[in-house]
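Chains A and B, in that order, give the protein sequences. Our numbering puts the first residue of the first sequence at 1, with every later residue one more than the last. Our numbering puts the first residue of the second sequence at 1, with every later residue one more than the last.
If you are wondering where the hints come from, they were derived from the structure by calculation, not from laboratory data. Hints are supplied without guarantee of correctness; some may be wrong.
Okay, the calculated bits of chain B under chain A, using three or more residues with CB under 8 Å as the criterion [as the list claims (entries may be wrong)]:
| no. | region |
| --- | --- |
| 1 | 57-71 |
| 2 | 89-98 |
Derived lysine-lysine pairs resembling DSSO-like cross-links, with alpha carbons at most 30 Å apart [to be verified]:
| no. | chain 1 | residue 1 | chain 2 | residue 2 |
| --- | --- | --- | --- | --- |
| 3 | A | Lys-137 | B | Lys-15 |
| 4 | B | Lys-15 | A | Lys-53 |
| 5 | B | Lys-11 | A | Lys-137 |
| 6 | A | Lys-19 | A | Lys-197 |
| 7 | B | Lys-11 | A | Lys-19 |
| 8 | B | Lys-13 | A | Lys-137 |
Computed list of chain B residues with no C-beta within reach of chain A, every gap over 12 Å [what the hints assert, rightly or not]:
| no. | residue |
| --- | --- |
| 9 | Val-31 |
| 10 | Ser-75 |
| 11 | Arg-77 |
| 12 | Ser-78 |
| 13 | Met-80 |
| 14 | Ala-102 |
Just so you know, even glycine gets a beta-carbon here, dropped at the ideal spot from N, CA and C.
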Amino acid sequence: MHTSAPAPQGPPPYQAVGKHAVMPQTRHDEAARFNFLANMNQYLSAEFLPRVKRAYDKRALPRFQAQHGRAPEHRSEVRELMSEEPAYQTWSAMRRATMEQRQQAGRSVVLRQLDRLNDIARSAAAEPGLELTPGFKPPRYLTGVDHHCMPGGYVGELAADDVSAPANYDVGIFATTGGALGRYSDGGGTAVAEWLKREHPDFKPKRILDLGCGLGHNTLPLAQAFPEAQVVALDAAAPMLRYGHARARSLGVRNVRFVQADAEAVPEPDASFDLITTCMFLHETSYTAIRRVFAETRRLLAAGGISLHVEQPQYQNMDVYEQFVRDWDAYNNNEPFWTTMHDMDLTQLAVDAGFQREHTFETGVRAVVDAAVFPQAAALAKRQEDYGRAAAWYVFGARA
Amino acid sequence: MSDPVTLANAKAKGKRPWFFTDREAERVFNVALALLQELAVTRERLDTLERLLENRGVLSRSEIEEFAPNSAEASARSSMHKELIGRCLRVLQQELEALEEAPGLAATPEELSKI
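So that you can see chain A by itself, here it is in the shape it has in the complex (with noise of 0.2 Å):
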């Protein structure tokens, strides 16, 4: 007979989340609704996922047998399909509930405390490490559409030198990750940290850019694992840079400039930097976009550089019933270049932007969560897979 771990009770309680300086503070009920979530959303993904692929199996995938004497061959069958599963609708309906409640969550924690956060970042703001642009024009592909159903977006600004976006963000993340991102959210970035140490034990970048970098969740670890290294971390959202500064000055990490550009035209020299790393950031631009971020992270890149692109998997010969699991955010939680990107063929992008076929390469990583406070998030990112939202990643790279 086979045996198992015991399965893991639940997520970690959000007392446990890492604070810093300009993290908002929780009450009592405002961490309770966190924990909520994160229990709510555990079990979407273990208990009532699984219900869903039952579903398919056993009742969609036949009635669409018996009509066209054959399987789904796209995964727009497959949601054309789904959309009248009752079963499907209500994991739907839940979810998406579940990313508002999300929103509204974590919004209503911060708004209340919004003019000291806004004070606090303001503070570091007279510190080095950050460089704002005034006046600078957010690329459409963030004011187009307010991502992943946050009011407002990365960009928008509710008062002076604001910070509530990322404030939101940071508060909430949680909810949704079940802390299996660990107690600073950085499992991408100490993934790809822990990656670099074991697979290139001899690299040493002396120069590091993060583009698309938010608040600096990802981008810490990486400062922090070669303290050494000038880190860039680039974004184009100005309230983004403020808290990641003021987040990473209270986190005691300083070798970071938070800059405001646009990735498709970095204000950096030809060849300027060893390792060039975007984490859950190219699903968040636009076909034109993301073709300008690999000529410019080629053109930045230096002779032996390494560039890496931490994301969900491609779709490429994936079984058509998950791709359509894994579109569910691109149609349902504002992610309107997920299903472009994930059908888009890295390698030859790469090739186009001016890297050789066979210096690119594909791998994954997964997040390194502290198993003495996180036991379970631990051993959850080991067994579950979330489709989108796990603690496990897709990387594409290339090497200079």
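Since the structure of chain A is already known, use the hints to place chain B on it.
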């Protein structure tokens, strides 16, 4: 900055997907899920209270489990339940009352406007 309560509930830019065949059912379902969240929050708060009270020796959680109301307490509780049930299931009661209403007994706004 406008009212923070309204702002916290703001809609994200972009088309909202609906999944149920019946939009009204999904709307009610969303309210029920929000209530589920708030129930969970209240349960967690009660749990915190009980644990703190127990840690300080004020009471033990087994006292709560074993608590048996005397007859006056039981009667008060029964009233509490009855009132809550009546308040929450008001619409069902009113639907039944409507059946009892003789046709033409209640005036319509059109009729009243002509008085």
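Against the structure, the hints come out as follows:
1. Counting residues of the region 57-71 of chain B whose beta carbon lies closer than 8 Å to any beta carbon of chain A gives 0, which falls short of the minimum of three for the stated coverage.
2. Look at the region 89-98 of chain B against chain A: 0 of its residues bring a Cβ nearer than 8 Å to a Cβ of that chain, fewer than three, so the hint is violated.
3. A hinted pair counts as satisfied when its Cα atoms are at most 30 Å apart, and Lys-137/A with Lys-15/B qualifies at roughly 24 Å.
4. Using a Cα cut-off of 30 Å, the hinted pair Lys-15/B and Lys-53/A holds, with the two alpha carbons roughly 26 Å apart.
5. A hinted pair counts as satisfied when its Cα atoms are at most 30 Å apart, and Lys-11/B with Lys-137/A qualifies at roughly 23 Å.
6. Distance restraint check for Lys-19/A and Lys-197/A: the Cα-Cα separation of roughly 27 Å lies within the 30 Å cut-off, and the hinted pair is therefore satisfied.
7. With a C-alpha separation of about 28 Å, the suggested pair Lys-11/B and Lys-19/A falls inside the 30 Å cut-off, and the hint holds.
8. Taken as a hint, the Lys-13/B and Lys-137/A pair is honoured in the structure, with Cα atoms around 18 Å apart against an allowance of 30 Å.
9. In this structure Val-31/B is not separated from chain A by more than 12 Å, as the shortest Cβ-Cβ distance comes to only about 10 Å.
10. The non-interface label for Ser-75/B is consistent with chain A: the shortest C-beta to C-beta separation is roughly 32 Å, beyond 12 Å.
11. The claim that Arg-77/B is not at the interface with chain A holds, since no C-beta of that chain comes within 12 Å of its own (minimum 25 Å).
12. At roughly 29 Å, the least C-beta separation between Ser-78/B and chain A is larger than 12 Å, which holds for a residue marked as non-interface.
13. Against chain A, the non-interface label of Met-80/B holds: every CB pair exceeds 12 Å, the least being about 23 Å.
14. The beta carbon of Ala-102/B sits about 42 Å from the closest Cβ of chain A, which is more than 12 Å, so the claim that it is off the interface holds.
Figure legend: structure checked against the earlier numbered hints; hints not met, in rising order: 1, 2 and 9.
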